[in-house]
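Protein chains: 2
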Amino acid sequence: MNDSALLTDLYELTMLQAYFDEDMHDTAVFELFVRVLPSRRRFLMLSGIEQVLDYLENLHFTAGELDWLHGTGRFRPAFLDSLRAFRFRGDVHAMREGTVFFGNEPVLRIEAPIGEAQFVESRLINLVNFCSLIATKAARCVLAAPDSLLVDFGLRRAHAGEAGLLAARACYLAGFAGSATVLAGQRFGIPVFGTMAHSYIEAHDLESEAFERFSSSQPDNVTLLIDTYDTEAAAAKVVALAPALKARGVNLASVRLDSGDLAEHARKVRALLDAGGLPDVRIFASGNLDEHRIAVLRAAGAPIDGFGIGTQLTTSADAPALDSAYKLQAYAGRARRKRSEGKESWPGAKQVWRSVDAEGRPQRDLIALADEPAPPGGFPLLQPVMRGGRRLAPPEPLAGLRAHAAAELARLPAPLREPGPAAEAPPYPVEVSDGLRTLARELDARPY
Amino acid sequence: MNDSALLTDLYELTMLQAYFDEDMHDTAVFELFVRVLPSRRRFLMLSGIEQVLDYLENLHFTAGELDWLHGTGRFRPAFLDSLRAFRFRGDVHAMREGTVFFGNEPVLRIEAPIGEAQFVESRLINLVNFCSLIATKAARCVLAAPDSLLVDFGLRRAHAGEAGLLAARACYLAGFAGSATVLAGQRFGIPVFGTMAHSYIEAHDLESEAFERFSSSQPDNVTLLIDTYDTEAAAAKVVALAPALKARGVNLASVRLDSGDLAEHARKVRALLDAGGLPDVRIFASGNLDEHRIAVLRAAGAPIDGFGIGTQLTTSADAPALDSAYKLQAYAGRARRKRSEGKESWPGAKQVWRSVDAEGRPQRDLIALADEPAPPGGFPLLQPVMRGGRRLAPPEPLAGLRAHAAAELARLPAPLREPGPAAEAPPYPVEVSDGLRTLARELDARPY
Numbered sequence: 001m002n003d004s005a006l007l008t009d010l011y012e013l014t015m016l017q018a019y020f021d022e023d024m025h026d027t028a029v030f031e032l033f034v035r036v037l038p039s040r041r042r043f044l045m046l047s048g049i050e051q052v053l054d055y056l057e058n059l060h061f062t063a064g065e066l067d068w069l070h071g072t073g074r075f076r077p078a079f080l081d082s083l084r085a086f087r088f089r090g091d092v093h094a095m096r097e098g099t100v101f102f103g104n105e106p107v108l109r110i111e112a113p114i115g116e117a118q119f120v121e122s123r124l125i126n127l128v129n130f131c132s133l134i135a136t137k138a139a140r141c142v143l144a145a146p147d148s149l150l151v152d153f154g155l156r157r158a159h160a161g162e163a164g165l166l167a168a169r170a171c172y173l174a175g176f177a178g179s180a181t182v183l184a185g186q187r188f189g190i191p192v193f194g195t196m197a198h199s200y201i202e203a204h205d206l207e208s209e210a211f212e213r214f215s216s217s218q219p220d221n222v223t224l225l226i227d228t229y230d231t232e233a234a235a236a237k238v239v240a241l242a243p244a245l246k247a248r249g250v251n252l253a254s255v256r257l258d259s260g261d262l263a264e265h266a267r268k269v270r271a272l273l274d275a276g277g278l279p280d281v282r283i284f285a286s287g288n289l290d291e292h293r294i295a296v297l298r299a300a301g302a303p304i305d306g307f308g309i310g311t312q313l314t315t316s317a318d319a320p321a322l323d324s325a326y327k328l329q330a331y332a333g334r335a336r337r338k339r340s341e342g343k344e345s346w347p348g349a350k351q352v353w354r355s356v357d358a359e360g361r362p363q364r365d366l367i368a369l370a371d372e373p374a375p376p377g378g379f380p381l382l383q384p385v386m387r388g389g390r391r392l393a394p395p396e397p398l399a400g401l402r403a404h405a406a407a408e409l410a411r412l413p414a415p416l417r418e419p420g421p422a423a424e425a426p427p428y429p430v431e432v433s434d435g436l437r438t439l440a441r442e443l444d445a446r447p448y
Numbered sequence: 001m002n003d004s005a006l007l008t009d010l011y012e013l014t015m016l017q018a019y020f021d022e023d024m025h026d027t028a029v030f031e032l033f034v035r036v037l038p039s040r041r042r043f044l045m046l047s048g049i050e051q052v053l054d055y056l057e058n059l060h061f062t063a064g065e066l067d068w069l070h071g072t073g074r075f076r077p078a079f080l081d082s083l084r085a086f087r088f089r090g091d092v093h094a095m096r097e098g099t100v101f102f103g104n105e106p107v108l109r110i111e112a113p114i115g116e117a118q119f120v121e122s123r124l125i126n127l128v129n130f131c132s133l134i135a136t137k138a139a140r141c142v143l144a145a146p147d148s149l150l151v152d153f154g155l156r157r158a159h160a161g162e163a164g165l166l167a168a169r170a171c172y173l174a175g176f177a178g179s180a181t182v183l184a185g186q187r188f189g190i191p192v193f194g195t196m197a198h199s200y201i202e203a204h205d206l207e208s209e210a211f212e213r214f215s216s217s218q219p220d221n222v223t224l225l226i227d228t229y230d231t232e233a234a235a236a237k238v239v240a241l242a243p244a245l246k247a248r249g250v251n252l253a254s255v256r257l258d259s260g261d262l263a264e265h266a267r268k269v270r271a272l273l274d275a276g277g278l279p280d281v282r283i284f285a286s287g288n289l290d291e292h293r294i295a296v297l298r299a300a301g302a303p304i305d306g307f308g309i310g311t312q313l314t315t316s317a318d319a320p321a322l323d324s325a326y327k328l329q330a331y332a333g334r335a336r337r338k339r340s341e342g343k344e345s346w347p348g349a350k351q352v353w354r355s356v357d358a359e360g361r362p363q364r365d366l367i368a369l370a371d372e373p374a375p376p377g378g379f380p381l382l383q384p385v386m387r388g389g390r391r392l393a394p395p396e397p398l399a400g401l402r403a404h405a406a407a408e409l410a411r412l413p414a415p416l417r418e419p420g421p422a423a424e425a426p427p428y429p430v431e432v433s434d435g436l437r438t439l440a441r442e443l444d445a446r447p448y
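As given, the protein sequences belong to chains P and W, one line each in that order. Numbered according to UniProt numbering, the first sequence spans residues 1 to 448. Numbered according to UniProt numbering, the second sequence spans residues 1 to 448.
Hints listed in this document are in silico derivations from the structure and should not be mistaken for laboratory results. One or more of the hints may lead you astray.
Claimed, not checked - Cβ-to-Cβ under 8 angstroms is the rule here; a few derived chain W residues that face chain P: (1) M24; (2) H25; (3) T27; (4) G103; (5) L166; (6) F188; (7) R339; (8) L366; (9) P397; (10) L398; (11) G400; (12) H404.
These figures come from a predicted structure and were not determined experimentally. Where is the CB? At the ideal position from N, CA and C, for every residue including glycine.
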């Protein structure tokens with residue numbers, strides 16, 4: 001379903017028919033970018049490019065889809081016949097996933113016959129917008145708790161199934177230890193984490209019986225949920241049970257808090273565990289967490305070793321969308337520019353150059369025309385990844401992308417590392433080349 | 001992918017293994033509800049029940065999934081063998097989709113052997129949470145503009161693919177005229193709408209040439225996008241072209257505004273179209289709209305006939321998650337209750353009774369135990385929909401659910417119809433039965 005060619009906006013098809021009628025098949029250059037960062041974001045982290053390349057490589061209409069389109073009466077048979085052979089055969093440049101990026105910087109550049117390049121707009125935005133939203137939110141959590149175990153718990157509140165799955169990938173890319181989502185383990189090789197539900201405790205008449213039975217069933221790496229009734233009373237039960245569990249070979253790894261004042265409970269539970277001879281049992285916390293709450297817990301010295309983060313993370317609740325756009329920048333060798341009020345775009349095929357200092361820390365970016373010379377000391381963020389509709393290399397292992405994301409965060413300029421609103425920090429400098437400004441002025445003088 | 005049995009949280013599987021080890025297979029009652037409404041919502045509208053029933057009817061593990069689980073080393077072979085025959089064979093009660101509901105009211109009640117009832121938690125919340133979020137947001141738009149053409153334009157900013165598709169369904173259910181998402185037309189029979197992109201205009205050297213070519217390609221029902229360069233200048237071009245288009249049999253239905261001050265542009269464009277002999281050409285607007293902006297445009301008398309609503313709608317941006325929960329309420333004939341701080345749930349299998357006045361307008365709801373007698377004048381919102389894992393009736397056509405949603409909105413009490421924060425209106429009365437309160441007190445006195 002997620003990769004059906006019909007998962008698109010109707011206008012992509014009607015425009016495709018118009019291009020067919022007009023015999024317009026020259027090469028178009030489209031670029032995907034975010035116009036302006038959300039007010040609560042100081043940087044964005046790219047994700048979703050592998051999903052985009054998968055989509056582009058596999059895009060086609062099935063016979064059933066073409067039959068259905070025929071039945072709508074909206075399209076002429078000759079056009080629908082042409083869709084039997086419709087494939088994406090264009091070239092793609094992209095930033096590497098895990099790269100930090102900023103407003104107006106193209107993260108993806110598509111060059112293909114205009115129909116193909118246009119048609120993929122809806123799904124490309126749909127993927128990159130969401131995956132980058134979540135990678136960014138996850139990166140902010142990683143910056144808030146760089147040495148904690150962070151786990152994505154957000155499948156249930158993610159916006160339906162594909163979001164839950166891709167959120168797990170984006171979080172792992174950004175530096176999370178893993179996800180509770182099992183399918184993310186199967187599809188992406190992401191480490192999968194899990195504890196137990198309150199219902200399991202409640203289904204047993206006694207909490208300690210539930211602890212004992214669960215530990216016996218999963219002895220290798222046990223996390224016990226201790227907030228169903230009374231958190232500290234449950235911690236005391238864990239202490240009392242520990243010798244018997246140890247004797248049976250159970251590895252009691254941690255306890256989980258999921259409600260109440262997490263800092264206060266963590267301190268009390270830590271004291272109970274330590275006094276009970278369980279200094280190695282870790283405390284894992286969950287419950288309406290985000291980067292801000294985690295920062296507060298850590299600033300308060302709460303003895304919490306890991307965090308399960310759900311709703312706020314997988315919905316990017318404080319910034320649930322990016323101002324993402326996919327715009328025509330050139331057609332048939334001529335640069336093009338959208339000039340709608342407040343939505344003007346920079347014309348032409350472009351490159352983004354990043355200049356770094358001696359330690360590799362980004363100093364400034366330059367958005368320039370792709371054929372302008374490299375600025376001194378800058379390196380280009382957009383790299384060729386697909387030619388003629390085929391990937392130039394096999395998909396990069398997630399581990400490599402994750403290492404790249406970690407390096408990006410390690411080099412992130414200090415003001416961008418803080419979780420506050422963008423307006424409260426000096427913005428990262430993103431410059432526009434003289435060549436690009438000149439071209440834009442020239443286009444604005446053209447008749448339309 | 002969206003319906004893989006592995007699209008779940010790891011703990012669902014580890015608990016299932018524990019229940020298997022403990023030979024715990026008695027009947028459990030779980031209920032899905034929203035604890036507290038978001039601060040910006042005065043009611044919620046239910047959606048996603050058909051997707052839940054599809055999931056329950058088709059749930060199974062494939063051989064490949066079981067092999068993968070085996071390879072993780074987390075599960076014992078006897079347990080994995082038992083999963084070959086794993087199916088959902090329980091009973092389900094649900095509110096009808098399109099029904100308005102409130103905090104703590106179960107919208108779905110599952111009764112099944114505890115493993116089956118527990119396992120489905122993650123996906124059931126994932127579906128009902130999202131679909132109800134969007135149906136609610138769409139219903140608010142419908143209340144803001146009851147006589148306007150409302151179209152879902154939000155696929156690209158929805159959180160990945162399934163969200164885009166299910167959002168289209170939820171919007172149509174709630175009263176939208178349709179969606180731009182083509183797949184929603186194929187899968188759900190939802191009317192599909194579309195216009196043209198700025199890129200199409202820009203790919204032509206002259207805007208009027210683009211208008212003419214597009215109209216020739218799609219003559220039956222043309223909407224021209226007029227904000228690419230200068231909105232009023234484009235409207236004047238439309239007027240100039242209109243006689244030639246009419247002579248060629250083109251039905252010029254509307255023009256679309258997508259940027260700038262929509263009210264001001266709409267007034268100027270309306271005047272140009274009227275003066276140019278095109279009083280029947282409608283004005284359609286889009287661009288960062290939601291129920292609040294639409295209300296402002298309508299209050300200002302902006303001559304806009306229809307709205308394309310995207311990002312704010314399909315991300316439910318001002319309330320991107322519900323405080324949804326799926327809780328064990330009874331096991332093996334005994335009521336159960338989660339007592340975690342701030343997250344206490346009402347125990348036992350329940351029913352929600354709605355009392356209405358002579359015009360059918362809801363007056364109050366009563367949450368009661370399922371075996372308590374009906375309150376005078378109340379009718380039960382939870383109805384049986386599945387028995388032994390099979391639907392009791394074929395899926396209800398979306399048209400019927402849509403009519404039900406429309407009736408729900410027509411009867412909605414006046415304070416709930418306004419888009420302001422919940423705190424600024426008297427809350428809708430939701431009462432808890434004496435029987436339920438007594439049971440909760442009894443459970444709280446039990447040892448744990």
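Would you check whether L398 (chain W) satisfies its interface hint, that is, whether its CB is within less than 8 angstroms of any CB in chain P? violated, 17 angstroms
Minimum beta-carbon distance criterion (8 angstroms), H25 (chain W) to chain P
violated, 11 angstroms
Chain P contact restraint for L366 (chain W) - C-beta distance below 8 angstroms
At about 25 angstroms, which exceeds the 8 angstroms cut-off, the nearest Cβ of chain P leaves the hint on L366 (chain W) violated.
* Once the shortest beta carbon distance from L166 (chain W) to chain P is found, is it less than 8 angstroms? -> holds, 5 angstroms
Hinted contact M24 (chain W) with chain P - closest CB pair below 8 angstroms:
holds, 7 angstroms
Should the interface hint for P397 (chain W) be scored as holding, given a Cβ-Cβ cut-off of 8 angstroms against chain P?
-> violated, 18 angstroms
* Against chain P, run the beta carbon of G103 (chain W) and see if the smallest gap drops under 8 angstroms. => With a closest approach of 16 angstroms, the G103 (chain W) hint is violated.
*asked:* Hint validation: H404 (chain W) versus chain P, beta carbon distance must be below 8 angstroms. Holds or violated?
replied: Violated: closest Cβ of chain P sits about 22 angstroms from H404 (chain W), beyond 8 angstroms.
Tell me if the interface restraint on R339 (chain W) is satisfied: Cβ within less than 8 angstroms of some Cβ in chain P. holds, 5 angstroms
Check your understanding: Should the interface hint for F188 (chain W) be scored as holding, given a Cβ-Cβ cut-off of 8 angstroms against chain P?
Key -> violated, 12 angstroms
*Identify whether the interface hint at G400 (chain W) stands, where standing means a beta carbon of chain P within less than 8 angstroms of its own.*
This hint is violated: G400 (chain W) lies away from chain P, its Cβ roughly 23 angstroms from the closest one there, beyond 8 angstroms.
Proposed interface contact between T27 (chain W) and chain P, which counts if any beta carbon pair is under 8 angstroms: violated, 11 angstroms
Of the hints listed earlier, those the structure fails to meet are numbers 2, 3, 4, 6, 8, 9, 10, 11 and 12, in rising order.
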